[in-house]
Structures are given as C-alpha cells and as structure tokens.
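Q: Listed below are the residues making up each chain.
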Amino acid sequence: MTGTTPSAAPAAGGAADALRRRPGLGRLRELGRGPLFTASVAVLAVLVLVALLAPLLAPYDPDAVDLSASLTGTSGGHLLGTDQSGRDILSRLIHGARTGLLGPLLVVGVSTLLGTLLGLVGAWRGGWADALLSRAMDMAFAIPGLLLAILLVAVVGSGMTAPVIAMAVAYTPYAGRLVRGIARQEKARPYIEAYRVQGWSGWTVCVRRLLPNIAPTIFAQSAMNFGYALMDLAALSFLGFGVQPPTADWGAMINEGQSAIQQGAMLPALAPSTCIVLAVVAFGIVGEGLADRISRRER
Amino acid sequence: MVTAPSKGLVVEGLRKRYGDHTAVEDVSFTLAPAASLAIVGESGSGKTTTVRMLVGLERPDGGTVRLDGRDRSARPRNRAERLARAREIQMVFQDPYLSLDPRVTVSGCLDEVLRLHTALDATARRARVAELLDQVGLGAREAAVLPRRLSGGQRQRVAIARALAVEPRVLVLDEAVAALDVSIQAQILDLLATIRREAGIGYLFVTHDLAVVRHIADAVLVLRAGRVVESGPAAHVLHAPEHPYTRLLLASVPRRGWDPGHGSPARAT
Amino acid sequence: MTRRTEPEPVLRIDELGVRLAADHAARPLLDGVSLHVRPGETVGLVGESGSGKSVACRSVLGLLPGGARVSGQVRVGGHDVLGMDRTQLIALRTRQVAMVFQDPRASVNPLRRIGDFLTEGLRAAGTPAPAATARAEELLTAVGIRDPRGALRRHPHEFSGGMLQRVVIAAALAAEPALLVADEPTTALDVTTQAEIIAILTRLRVERGTGLLFVTHDLELASAVCDRVYVMYAGRIVEARGTDELFDRPRHPYTAGLLACTPRIEAGAPAPRPIPGRPVSLAEAPPGCAFAARCAHALPRCREETPALAPYGDGLAACHRADEGITW
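Residue numbers (our numbering), protein chains in the order written: chain S, 1 to 299; chain V, 1 to 269; chain E, 1 to 328.
One chain only, chain S, in its complex shape (with noise of 0.2 Å):
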C-alpha cells in the first residue's frame, strides 16, 4: 500500500459516527464518560480504600457504647454525631463499608461465575442443551431473591450467609441471560466462525477466543448488578435478616436509626442511607459508562 500510516484509518469513520450521534442521546453518553463518570470512579476508590483502612481510619471503635453521649447530634468529638447508645456513627459507616462491599463482592462474584458458565455453555452448544437451560434460567427466574433469603435464614440462621447464598442464586439467572444474549452474538461473528474454518477445536473457540471478547462487557454488567446486590443485602439486614446486630453495617443502621428520627435525630437513618444511595449510583453510572466504551470501541 501507499505510505499513509496505519492508524491513520479509523479516523475515516469519525465523521460519520458524528452524523450518526443523536443529540438527545449524546448527551446522555457524554454522561457516561464525563465527569460524573470520573466522580464516580473516584467514590469507588474511596469506598474500597476506606472499607480496607477501616480501623486506622475510624476515630472510634465503632461497637463503644456510651449511653451518656447518645444521639449528641454532629459536634467536634463526634463529626456525625452518635446514634441512640452512643456509638460514634462515622465509624459504625467507615466500618460498615467492610460488609457493604463483603456481601455484594461474593454475590456478584458467584453469580457471574455460574452465570457465565451457563450461558456460555447455552450459547455454544445451542439445541437442546441451551433449550433446557434458558428454561431453567425462566424458572429461577420466577423465584424471589428476597423471599428465598428468609426462607435459608429461617433454615441456617441469621447472618451474611444466608442472604449471601440466595442473593447469588437469584442473580444467577440474570447473569446468565446476559451471557448467553452476548455470546450468541459474538458467536455468530466471522472471526469466530472464521476460527472454526481454520480447525481449532469448539473449546478453545469459546473459552479462549470468544470468552475474552465478551469479558469486557460481563464485567461492566458485574458492576452494575453490584450495586443491585448491595441495596438488596442491605434491605435484608434491615428487616433484620442479614448482619446482625451490633456488628456495623448499613443497613441494619438505617433500621436502628428509625426510632431516632421520631426523636428528631436525622442522622443516624440518613448518613447510612446515603451511603447506600451514593454507592448504588455511583456503581449503576460505572458499570453504564465501562458498557458504553466498550460498545464505542467496538466499532
């Protein structure tokens, strides 16, 4: 060829892609990768950081009673004040990142894992075998994550096992449908079908060359579902199903704090609750905006 450069090429799409781009919907995507993507990485990092720093960070130990110094309200001593037996609730909320992130890490972590794995195999195999398997994912589907998380902790007690288990249960399906969805596409791509051409065999085709080619985008979902799973997690702990008490966490602290509110102490509910809501957000904006640079790199 001619001496241009190579990566001169790509560029040649860009007008179009600008034509292409509705200005409604750009905004949305500009969104997506902006700053309020960047703030939300940053509200992740701090998260993670805080959740493994916990006891340097927390000025308290988070579990001290102090019945003299309940619901003191934000002062000096006390940058969020204490909640009804007088614990410091920055550090209830510092050490609560621990099993706010914990509990969602395992969930999401196992569903994706089985969830991969059964909508690959579905994907590849097809026929019968993917048949049996979607239906299976419609029935799991119809069970509820929050109901089946009562019914175990009814069978193996209170704590983070019980809702952990059937949270990655009902996530499951929902991973696996995802696969499944992207795989068959990927699948049908030439490269792929191009790989069978050439004489490689159906599992090094799927697991090393297509599987690669769509972990980018479960990962992306993954963090999404994360965010699901630690607002699930935490409605389970405060039903008081989940972290039991007096242990740190979230959501058990929202339950704890409603009395307070009628005591016209606001903190206690909504320092936990904001964390849980800025978490959520910042994780559904990540995993959005990681989806879109995919999808964009794609082309």
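The reader is advised that the hints may include incorrect statements.
[What the hints assert, rightly or not] If you want the ones that stay clear, here's a sample from chain E, every Cβ over 10 Å from chain V, calculated: (1) D31; (2) P39; (3) L111; (4) P128; (5) E207; (6) T243.
[Stated by the list, open to error] Facing chain V, a subset of chain E residues (Cβ under 10 Å, in silico): (7) R75; (8) T186; (9) T193; (10) E196; (11) L201; (12) T262; (13) P263; (14) P279.
Source of the hints: derived by calculation from the structure; they are not laboratory data.
Ideal Cβ placement from N, Cα and C applies to all residues, glycine included.
For this one, chain S is given, so just place chains V and E on it according to the hints.
A: Leaving out everything else, chains V and E in the frame of chain S:
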C-alpha cells in the same frame, strides 16, 4: 453435471432445511482443481448457506461434499480429521470489520494458524508470516498492529493471508469484495487473480455482482430460492443466458443506457 | 420530458466547507463544495468512503456533524438552509426536501403501521384523515405496491427491504417536495430490486418534475440514472459534467481511474484496473492535490499546489493537467 470425477471439489444433491423453510435443495456442482466458480444469487437464494455447508459451519440435511474423493459431509471424527478438512477448504468472509479477532494483532493472527497446522518453530513461523503478508501486499508495519488500526481493504488482505496460511486446495470467497470501495475492490480482485495463478488454488466466489463474475470466474452457478436455475461456462451464462431468471438478473445490472424497467415487472407484496 | 429552458435550481450549494476540530480530523470534511440541482434533473454525487458525499447531501436537510465549523451556503428554493432555526428546518424537511436513506428500516418506526407512517405528515399539514388515507393509497400505488389498502394496515417487519424502501419513497413524495435527496438508496438491496426502485425513482422524477440528488459509490449506477455527475474525492469536488461526456472523456485522473476499476458487464469490457493506494482518511491532509499520491500522472507541482475546479470541456475539473487529455 458430470458425476464424481476423483479430482477437485464435487458437491452432489446438497440439501438444507430450517424448520419448514427450504434453504438449499438439490444443489450439485463440480470445481476442478485451480478452477474458479461463481455462485450467483440474490438474498435468500441459498448461496451463502451452500458454502457454509462446504466449510463445515452448517451441517447438510442431505447430499455429499467430496474433495479429491474424500468425503467431508459428516462431522469430523477427531482432531486430525478436523485439521485435514481445514487444510482442504478455507473461507474469506464479507465484512472485513467483523472477520478478524479484535484482540489479536495481524502477525499473531497468522502465527496462531501456523502453530495449529504446521510443525514450524518460532523463527520459521515468523519468516512464513512475513512471506504471507508480503504475498497480500502488507508490510512489517501492518503486522504489528491490531485490526482496528487497519482500513477495510487492509483487513481483507489479512483475512486472505490467514486463509492462505493453511495452503488450502479451495478458497471460498463469500462476497469478499462487496464491502470495499470500488478502487480497493479492484486491488483485491487483482490480488486474488495473482494468487490463483501462482498457488493453483480453486476459488468458489459467492457474489451478487454479475459484473464482477465476468472478470473472475470460469464457470457460473445461478441459484434462486435454494435451487440451481442455470449453470455453465461464465461466457455462456453471461452472454447467452437460457433461464428467464438469469436474463432478469443480467438486465438488472446498471450500465450506461440502461433501462431499469426492462425485464423487471413490478413485483408486489 | 426534459425542458430545454433552464429554470432556477431547486438546490444550490455554494462553497460549502465543513471542518471538525483539529483533534478529530486533519482535513476538512468538505472544502469548497458547490453544486446545483434543477427541477426535474437527476444529479449524481459519486465518491468513495471518506469523500464527503454523505456529509454534503445531509447538509441539504441542515444535518451537519455536531461541533463542526461550517462556511458557505446551502440554498433550497432560494432560502439558506444553514441559517434556518428549528421551526424553519422542520418546515423545510416536511415540505420542500425529502430524503431516502440506504437502510429503509432506519427511517420507519417499527412499532407503527405503514398507514400511520405515511399519513402523519399529511395529517400534520392539516389534511383530514380520510383524504390522507386516500392519498397514501395513491402514493403506494405509484411506487408499485399492489393492494395498497392492505399495506397501510401492516407493520414494517412484514415488508421486505425492497418493499419497505418503496414505502419510504412513497412517504418522501407525500408532501410533493421540490427536491428528493437519495443517499445510496439501493445499496442494501438485491440487483433486481435495485432495478425496480431505480425505475420508480426515474419515472416519478419525470412525472412530477422533482429534482433528484442521487448519492452513490457506484459509477455504473450513476451513469445509468443521472443527467449530470459530480465526482468527489477527499472532501472536494474534483470533476463535474454531463454523464455522457464524463464517461466518454473524463478529465480528472481520479474519474478515469474510477471508470477503469469498476467491473463492467458488457462483453469485451476490459478487466478492472485498480487505482493504487487507498482513499485519503480524515487524519491525513496531504498538501496539493489529495489524489496526487495515487495518481500515475502526478507532477511535482501536483504535490504542492491544490488545483482549482475550473472549466474544461462542458464541465469542471480540478486537475493541473486536465487540458492534456489524460486517460488512465
């Protein structure tokens, strides 16, 4: 059609159904070694399904595919047979933007084919990759990059080099120039003609473009709704077509002084 | 048929320039593009990818890439499109200019019936429902759809690509536009369907006196359909003339090269001869003539000085050697 000569690609009574839709019905043809056959048809003619069965991407419901007498209609029994078949027929796909793995560099893409099909060591493979790239008009600069850094024409050259890497007997070209700019299209057609002259590979050209057929194929097979409506030497089919559908196809090719209404009664829903 | 008088053009583009920010493109998307279309005339805009043909034709509807700097004028029926506000643009798109794109499925709402799609413009313009329906049936008949009444009740997915493109053309004609812009309207279709669609477009143009701007990459198709052809390369018009003269005696080496590399069906036509190299991408801004790097006739001057579009023969060409009668 002549029945089963031992040499070349012989397809007999190929059939494929999807539910109650017949995609391909009783398609037979022969491709002599190093010959070039164009399979022509419109969407839904079964031309792509036919070649997908030849390369093993679809399983035929009936009929046989033989290359130099070896049957390849059934599922390969083991790895050796799978690789042997891959060395018989390779394929270049239509869309150069989707037919290369986005995660693999150009040289990596050729190298892994050589690793699968040959016993060459790393040095020998590197030399062979350079040779293959040179054969399709690409250089060291293109070798090191990911496909997304290449233009459509360059990508199609990579896809051709990838197919040539296994030294196949037959190359299936499924609308391989349809997605390219006209000036690039002519370059690729030129390249393909040179490769056929030098390497003696048989070509199976799947296309909707009759103007291209005239310049690349010795013989033509016209398909419509999964069946062969006409076949024969290219010069004969293109200039003295016998079937009315072939005549309609030819009348529909735009050219100067063309009357688009001619031969195409408005078909309605 | 053709009128010998030269009426005022329905479309006149003057010195249109479209530039993206420097980090997006090294060269302008469009540079000094001028063209016109008279009533009842079919004008071809031919070029390869990156030539700017699609950008140019979309500018007619006021559709320009976001963030682009635009200079020059695009006049439809005497009014400058580039200066129009939202309301005026909507009026322009619903009354004066209609556009047909490559993919008919992108132009119709898949959830709505064909009847609603066809009548919405008419209803919005104040036509009562029964009259609009009657008109829609009439339009569908005009584009060769039998049973138009049945078609109105159906959804887009029940139509083949070719049939849906007819519907889109019918919708484009509903407002009796003075100008129809067709951007590769048959590229996604089968050859026999392409012939049918082209037959419809040419017939309607003759019957209704609509000006047609026909954008295509296919020179053979342009030669079959157009009265005049503009050839674009790297954002500039490099040659413009009547179809017969353009094909018999091209003045620009790029036009000649395109003609030589297009496979032709006629018996005895020579094998296509490729143009070396590839089209100039947006990241490249070669000095002088953009085609010089691929041109067999380029002189040192060609790589330094951009040739202006100047009259040669009955048309225009932008080549330093246009008067030398160069063939490819």
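Q: If you test the structure against every hint from before, which numbers come out violated?
A: 6, 7
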